[in-house]
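Asker: Sequence:
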Amino acid sequence: MNVANTQIQMRKGLLEFCVLHIISRGEVYTSDLIDELTQVQMIVVEGTLYPLLNRLKSASLVQYRWVESESGPPRKYYSITEEGKEFLGTLSETWTSLVNSTLQITSKN
Numbered sequence: 001m002n003v004a005n006t007q008i009q010m011r012k013g014l015l016e017f018c019v020l021h022i023i024s025r026g027e028v029y030t031s032d033l034i035d036e037l038t039q040v041q042m043i044v045v046e047g048t049l050y051p052l053l054n055r056l057k058s059a060s061l062v063q064y065r066w067v068e069s070e071s072g073p074p075r076k077y078y079s080i081t082e083e084g085k086e087f088l089g090t091l092s093e094t095w096t097s098l099v100n101s102t103l104q105i106t107s108k109n
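Okay, so the sequence shown: first residue is 1 according to UniProt numbering, each after it adds one.
Please note: incorrect hints may appear among the correct ones.
[Unchecked claim] Simulated restraints, written as ranges between beta carbons of each label pair:
no., residue 1, residue 2, range
1, 2, 72, 16 to 24 Å
2, 74, 3, 14 to 22 Å
3, 97, 24, 36 to 44 Å
4, 46, 82, 48 to 56 Å
5, 81, 32, 14 to 22 Å
6, 105, 3, 15 to 23 Å
7, 99, 29, 23 to 31 Å
8, 49, 85, 17 to 25 Å
[Stated by the list, open to error] With a cut-off of at most 20 Å between alpha-carbon atoms, the simulated SDA-like pairs for lysine to any residue come out as follows:
no., residue 1, residue 2
9, 76, 90
10, 57, 97
11, 85, 73
12, 85, 104
13, 12, 97
14, 57, 47
15, 76, 35
16, 12, 66
17, 76, 97
18, 85, 45
19, 85, 47
20, 12, 72
Source of the hints: derived by calculation from the structure; they are not laboratory data.
Glycine residues also receive a C-beta, built at the ideal position from the N, C-alpha and C atoms.
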């Protein structure tokens, strides 16, 4: 087994949760999402973010609006919907449970 592949899969599993959490803090531009996710090493390839944002939009968890830019093409700004807030709340509860369970297992010798 390749440990790098397992690490990537672990990150991918958490990416949706992290993206929703970032968007829940306020309207966000895609490059700002990429910057934050890259800083904390949660995203390896930028191309994984765009399909995820499309899935979240299709599921009515996020929405976007176009904003004209003085320095280029219009920009898409994402925000979370009410349904997205509820979904994120459920994911947050699941995350807390998973962290607690994992710590119980990994803290034993």
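Asker: Please go over all the hints and tell whether each is borne out by the structure.
Answerer: Consistency of the hints with the structure:
About 39 Å separates the C-beta atoms of residue 2 and residue 72, a value inconsistent with the hinted range of 16 to 24 Å. Checked against the hint of 14 to 22 Å, the pair residue 74 and residue 3 fails, with Cβ atoms roughly 42 Å apart. Residue 97 and residue 24 have their C-beta atoms about 19 Å apart, which leaves the hinted 36 to 44 Å range violated. Range check, residue 46 to residue 82: Cβ separation about 29 Å, and the 48 to 56 Å hint is violated.
Checked against the hint of 14 to 22 Å, the C-beta distance between residue 81 and residue 32 comes to roughly 19 Å, which is consistent with it. One distance hint, 15 to 23 Å for the beta-carbon pair residue 105 and residue 3, holds here, with the actual separation near 19 Å. Judged by the Cβ atoms, the range 23 to 31 Å given for residue 99 and residue 29 holds: they are separated by roughly 30 Å. Checked against the hint of 17 to 25 Å, the C-beta distance between residue 49 and residue 85 comes to roughly 20 Å, which is consistent with it.
Restraint check for residue 76 and residue 90: the C-alpha separation of about 26 Å exceeds 20 Å, so the hint is violated. Distance check on the hinted pair: residue 57 and residue 97 sit about 27 Å apart at the alpha-carbon level, beyond 20 Å; violated. With a C-alpha separation of about 29 Å, the suggested pairing of residue 85 with residue 73 is violated against the 20 Å cut-off. Distance check on the hinted pair: residue 85 and residue 104 sit about 29 Å apart at the alpha-carbon level, beyond 20 Å; violated.
At most 20 Å may separate the alpha-carbon atoms for a hinted pair to count; residue 12 and residue 97 meet this at roughly 19 Å. Taking the CA atoms of residue 57 and residue 47, the gap is about 16 Å. The hint holds against a cut of 20 Å. The hinted pair formed by residue 76 and residue 35 meets the criterion: a straight-line CA distance of about 15 Å does not exceed 20 Å. As the CA atoms of residue 12 and residue 66 are separated by approximately 27 Å, the hinted pair breaks the 20 Å bound.
Distance hint between residue 76 and residue 97 is unfulfilled; the C-alpha atoms sit about 34 Å from each other, more than 20 Å. Proposed proximity of residue 85 and residue 45 is contradicted: the alpha carbons are some 26 Å apart, above 20 Å. Straight-line distance between C-alpha atoms of residue 85 and residue 47 comes to about 25 Å, which puts the hinted pair past the 20 Å bound. Restraint check for residue 12 and residue 72: not satisfied, since their Cα atoms lie roughly 31 Å apart, outside the 20 Å limit.
Violated hints, in rising order: 1, 2, 3, 4, 9, 10, 11, 12, 16, 17, 18, 19, 20; the structure is consistent with all others.
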